[in-house]
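With the hints as extra help, turn the sequences into a complete structure.
Here is what each chain is made of, one letter per residue.
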Amino acid sequence: MLRYWQRRFKTGILTEKPEFDARMKELRKRLKKGIAKHFAGSLAIRMVDSGSCNACEAECNALSNPYYDLERLGIRFVASPRHADVMLLSGVLTFNMLPHVLDAWEQIPEPKWCITLGDCPAMQAPFTRTFAIQAPAAEHLPVAHHIPGCPPSPNTIIEGLLEFLETLQNGKQGTGN
Amino acid sequence: MEKGGSGMENSRKRLIARYAVDRGEHFEIVTRYDTETTRERADRQEPRAPSLMPRYPAANWFERKIADDFGIRFEGAYDFRPLLHHERWPVGNHPMRKDFDVHRVLEFSEYRPYKYEAVGGDGVFEVAVGPIHAGIIEPGHFHFSQAGEEMLHQEVRHFYKYRGIEKMLEGKSLAEAAPIVARISGNESVATQIALARISAQVEKKDLSEALQARWGILLELERIAHHWTDLGFIPNDAGFGAALAFASARAEETRRQLRDLTGHRFAFDALMREPRPWDREELIRWCRHMSQEAKWFEEWITDIPSLWDRMDTTGILTSGNALRYGCVGVVARASSVELDVRSEEPFYRERGFEPKQESSGDVAARFKVRLMELKHSLELIETFAKEASSEGFAFTETGEGAFESFVESSLGELYMAIELVGGKISRFFVRDPSFINWQALHLMMPGNIIADFPLINKSCDLSYAGNDL
Ligand code: SF4
Numbered sequence: 000m001l002r003y004w005q006r007r008f009k010t011g012i013l014t015e016k017p018e019f020d021a022r023m024k025e026l027r028k029r030l031k032k033g034i035a036k037h038f039a040g041s042l043a044i045r046m047v048d049s050g051s052c053n054a055c056e057a058e059c060n061a062l063s064n065p066y067y068d069l070e071r072l073g074i075r076f077v078a079s080p081r082h083a084d085v086m087l088l089s090g091v092l093t094f095n096m097l098p099h100v101l102d103a104w105e106q107i108p109e110p111k112w113c114i115t116l117g118d119c120p121a122m123q124a125p126f127t128r129t130f131a132i133q134a135p136a137a138e139h140l141p142v143a144h145h146i147p148g149c150p151p152s153p154n155t156i157i158e159g160l161l162e163f164l165e166t167l168q169n170g171k172q173g174t175g176n
Numbered sequence: 000m001e002k003g004g005s006g007m008e009n010s011r012k013r014l015i016a017r018y019a020v021d022r023g024e025h026f027e028i029v030t031r032y033d034t035e036t037t038r039e040r041a042d043r044q045e046p047r048a049p050s051l052m053p054r055y056p057a058a059n060w061f062e063r064k065i066a067d068d069f070g071i072r073f074e075g076a077y078d079f080r081p082l083l084h085h086e087r088w089p090v091g092n093h094p095m096r097k098d099f100d101v102h103r104v105l106e107f108s109e110y111r112p113y114k115y116e117a118v119g120g121d122g123v124f125e126v127a128v129g130p131i132h133a134g135i136i137e138p139g140h141f142h143f144s145q146a147g148e149e150m151l152h153q154e155v156r157h158f159y160k161y162r163g164i165e166k167m168l169e170g171k172s173l174a175e176a177a178p179i180v181a182r183i184s185g186n187e188s189v190a191t192q193i194a195l196a197r198i199s200a201q202v203e204k205k206d207l208s209e210a211l212q213a214r215w216g217i218l219l220e221l222e223r224i225a226h227h228w229t230d231l232g233f234i235p236n237d238a239g240f241g242a243a244l245a246f247a248s249a250r251a252e253e254t255r256r257q258l259r260d261l262t263g264h265r266f267a268f269d270a271l272m273r274e275p276r277p278w279d280r281e282e283l284i285r286w287c288r289h290m291s292q293e294a295k296w297f298e299e300w301i302t303d304i305p306s307l308w309d310r311m312d313t314t315g316i317l318t319s320g321n322a323l324r325y326g327c328v329g330v331v332a333r334a335s336s337v338e339l340d341v342r343s344e345e346p347f348y349r350e351r352g353f354e355p356k357q358e359s360s361g362d363v364a365a366r367f368k369v370r371l372m373e374l375k376h377s378l379e380l381i382e383t384f385a386k387e388a389s390s391e392g393f394a395f396t397e398t399g400e401g402a403f404e405s406f407v408e409s410s411l412g413e414l415y416m417a418i419e420l421v422g423g424k425i426s427r428f429f430v431r432d433p434s435f436i437n438w439q440a441l442h443l444m445m446p447g448n449i450i451a452d453f454p455l456i457n458k459s460c461d462l463s464y465a466g467n468d469l
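Protein sequence lines correspond, in order, to chains A and B.
According to numbering that gives the first Met the number 0, the stretch in the first sequence is residues 0 to 176, in order.
According to numbering that gives the first Met the number 0, the stretch in the second sequence is residues 0 to 469, in order.
It is worth saying that the hints were derived from the structure and are not from the lab.
Yeah, the Cβ is synthetic: ideal placement off N, Cα and C, and Gly gets one too.
Which residues of chain A face chain B? A partial, calculated answer using Cβ under 8 Å:
(1) V91
(2) H99
(3) A124
(4) R128
(5) T129
(6) C149
As structure tokens, this is what we get:
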């Protein structure tokens, strides 16, 4: 274990993009009332994969690696939809997943927001529609914001989430069913 | 072509894949073993075929998939439950038949419950997990029969991500199919692209230059390194040792960035057909040496954490007998003394010092160790490949006639692809992800372990849902 601590001191902190912190700080200020009211200072995201290739999930997981360390922005991925403010939806919404996705959405307490992640849910990835695909997601859910990319890189996801917070500030309300 | 066998139980053929093709008047069932390919006919009016399930347990999913895809009944089978067609699927629709339109709009039907495998008995209870899991992870369902903490049995149920990709690709040329094929499974994009490219080269009777193979080898090994680092972090993390994840996920990130520098994409999507970026040989070699140092440091550090090995040793054992019976592939097979790695059969790899890595205890610890050994070896291979690699691009063909197949050792194991082309267009696309076999063997690792160890065991096998479900 000693080896680990030696290494830890030598490496220091890898996390990049301090401008995100600055921007988030500023954003937090501007969002003061809104965020405090809706999110109690932290945004809880329930990620739901509705038929992705798994690269979108891999990039979300990468958000926790020491280079991005998303949690320091007050954004957390939660295990239950009942703890979530936002459903982050990836994938092409397969025939087999659609009922489960709608189920998860129902379980999220209001106010709630659906953000689509990656080109798949918008049917903009190279896949062509088949009998087994129910995307675009907007036909089934009130999509509040979209983060494009195939997959969106971790930085793009962070920027997309901040953009979403900005649209909230501009008065867009959460959507129910 | 003869494929690598089991090494031990030589009398028995290894089942690699089984799928069907619509031939108009009849259906043809194609079975690929390591030593041969067999073809059977099934009548169109009343399609039936003898089941292989009693002899090959992994025939289970292949045959249930064929039954859903084509409406063929397997006689002598012990499992007739639908596989791809879930509770709300409208019965009687068999999408892989040629007269089924790929764009048909299916209505959700009445809910028909699926009968899970479960162990009965006093005090035995069932635990249902999924399809949506707690973490950031693909959807699938795990069904446990429990005696208290102890798992008696577990059934894996998948195909929530079933996108209809086999049908989606029909009517497309290989060039048109390539971007979709690259996105079947993000975990194995390079491997799947190479499988398609090898078929494209066979169609055009082109030899792949060694310089091009070296370039693809670099990308394939980088994909493996990214993947193995991720697992080497998540396995200890699932045993409560989070520091390993912090370290290994940073290395995985650095590997993704290396892929991005070489291909313009962090997962190397569409990398084979893209114009290669200018790259610096020496820089890549330096990167490999640095990463090898990191791997060495990680190994020394992690070997020294007894409480971690306490969780990994003897947990989730797959015996080599079971691995052979199911025809397991990849790290899962190699950690149970099964000598099977597509790279061992490729002269290009062999001539450059490739050696398959193996362990014998078949537990989580063995799979962990195989991953670490392979990661270090992949770095050595990249150093060698870097000296010969070219910056050639590759164009997928628009033409072709006939049946073709290819094998690639993806980071998850042996990937098998078979394509039939008519007039340059795909008339049948089939790919068997390594996970399709290994998922079926997962339940063998559970009995005698507690349910809290399931995530650890599952992660040590690291199987794909997207590649499996198609
Ligand atoms: S958007 Fe692209 S990367 Fe994301 S799941 Fe779809 S195909 Fe994969």
